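**Student:** Letter by letter, the chains look like this.
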Amino acid sequence: ETGVTQTPRHLVMGMTNKKSLKCEQHLGHNAMYWYKQSAKKPLELMFVYSLEERVENNSVPSRFSPECPNSSHLFLHLHTLQPEDSALYLCASSQDPGPRETQYFGPGTRLLVL
Amino acid sequence: DQQVKQNSPSLSVQEGRISILNCDYTNSMFDYFLWYKKYPAEGPTFLISISSIKDKNEDGRFTVFLNKSAKHLSLHIVPSQPGDSAVYFCAAQAGTALIFGKGTTLSVSS
Numbered sequence: 001e002t003g004v005t006q007t008p009r010h011l012v013m014g015m016t017n018k019k020s021l022k023c024e025q026h027l028g029h030n031a032m033y034w035y036k037q038s039a040k041k042p043l044e045l046m047f048v049y050s051l052e053e054r055v056e057n058n059s060v061p062s063r064f065s066p067e068c069p070n071s072s073h074l075f076l077h078l079h080t081l082q083p084e085d086s087a088l089y090l091c092a093s094s095q096d097p098g099p100r101e102t103q104y105f106g107p108g109t110r111l112l113v114l
Numbered sequence: 115d116q117q118v119k120q121n122s123p124s125l126s127v128q129e130g131r132i133s134i135l136n137c138d139y140t141n142s143m144f145d146y147f148l149w150y151k152k153y154p155a156e157g158p159t160f161l162i163s164i165s166s167i168k169d170k171n172e173d174g175r176f177t178v179f180l181n182k183s184a185k186h187l188s189l190h191i192v193p194s195q196p197g198d199s200a201v202y203f204c205a206a207q208a209g210t211a212l213i214f215g216k217g218t219t220l221s222v223s224s
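Top to bottom, those sequences are chains A and B.
If you read the first sequence in this note's numbering, its first letter stands for residue 1, the second for the next number, and so on.
If you read the second sequence in this note's numbering, its first letter stands for residue 115, the second for the next number, and so on.
Source of the hints: derived by calculation from the structure; they are not laboratory data.
It should be emphasised that the depicted structure is a prediction, and the values quoted were computed from it without experimental measurement.
Careful: at least some of the hints might be erroneous.
The calculated lysine-lysine pairs, modelled on DSS-like cross-linking and capped at a C-alpha distance of 25 Å, are [as the list claims (entries may be wrong)]: (1) K185/B <-> K40/A; (2) K182/B <-> K216/B; (3) K40/A <-> K216/B; (4) K41/A <-> K185/B; (5) K216/B <-> K41/A.
Listing some non-contacts, in silico: residues in chain A with all C-beta distances to chain B over 12 Å [said to hold, decoys possible]: (6) M15; (7) N17; (8) E56; (9) P66; (10) S71; (11) F75; (12) L78; (13) H79; (14) T80; (15) S86; (16) A92; (17) L114.
Backbone N, C-alpha and C fix where the C-beta goes; we use that ideal spot for every residue, glycine too.
Next up, chain A with everything else stripped away, as it sits in the complex (with noise of 0.2 Å):
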């Protein structure tokens, strides 16, 4: 596997369930990235981890919880989402975080919440 890869790629779930989201890079980066895209809507920075310290959030409900085990993985725990949750998540990481720093994405998992 090469680049940034994303586990599952859709997933539907109640807002009673809980599941998690996987991304892995095979980049050597040290910062990785969770990202919302709503319909209609321009992607959303959710979260940004650095050499697996949470660095940045964006204000994100406590619904959604990352977790980040090493600078390869990185997961999103989700639990009593609401149905507007619904959207596309994606991955992505850079060598660092500064700025300056192009960021490689995965293919993203498309959640509905039911």
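Chain A is already provided as a structure; the job is to place chain B on it using the hints.
**Tutor:** For chain B alone, coordinates are given in the frame of chain A:
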């Protein structure tokens, strides 16, 4: 309020002609801009970037122009090819975050 705007949701161009995709931003503190391309069922892929100290950056068929006084940038693709058909996102870097526009869908017909 959106800080990065792509006011044209779609653009259709014939193969071999020039494609011009436009982007406006509101925050004069933005100093680094990127264009990403996205095919269906794939994540965005980096295309080209420009720093605010420049007004032009070129990479093969792709050229990005930056007009800081107008807070406007544009991506020129010449000549356009059918494989260029995709959604193009403009983004501005703000610290660790990328602020994206909504995207413009480019269709290149042969």
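**Student:** A separate judgement is required for each hint: does it hold in the structure or not?
**Tutor:** Going down the list of hints, with the structure as the test:
no.: 1; hint: K185/B <-> K40/A; in the structure: 23 Å, holds
no.: 2; hint: K182/B <-> K216/B; in the structure: 21 Å, holds
no.: 3; hint: K40/A <-> K216/B; in the structure: 7 Å, holds
no.: 4; hint: K41/A <-> K185/B; in the structure: 21 Å, holds
no.: 5; hint: K216/B <-> K41/A; in the structure: 6 Å, holds
no.: 6; hint: M15; in the structure: 26 Å, holds
no.: 7; hint: N17; in the structure: 24 Å, holds
no.: 8; hint: E56; in the structure: 6 Å, violated
no.: 9; hint: P66; in the structure: 14 Å, holds
no.: 10; hint: S71; in the structure: 15 Å, holds
no.: 11; hint: F75; in the structure: 17 Å, holds
no.: 12; hint: L78; in the structure: 19 Å, holds
no.: 13; hint: H79; in the structure: 25 Å, holds
no.: 14; hint: T80; in the structure: 26 Å, holds
no.: 15; hint: S86; in the structure: 17 Å, holds
no.: 16; hint: A92; in the structure: 8 Å, violated
no.: 17; hint: L114; in the structure: 22 Å, holds
When held up to the earlier numbered hints, the structure conflicts with 8, 16 and fits the remainder.
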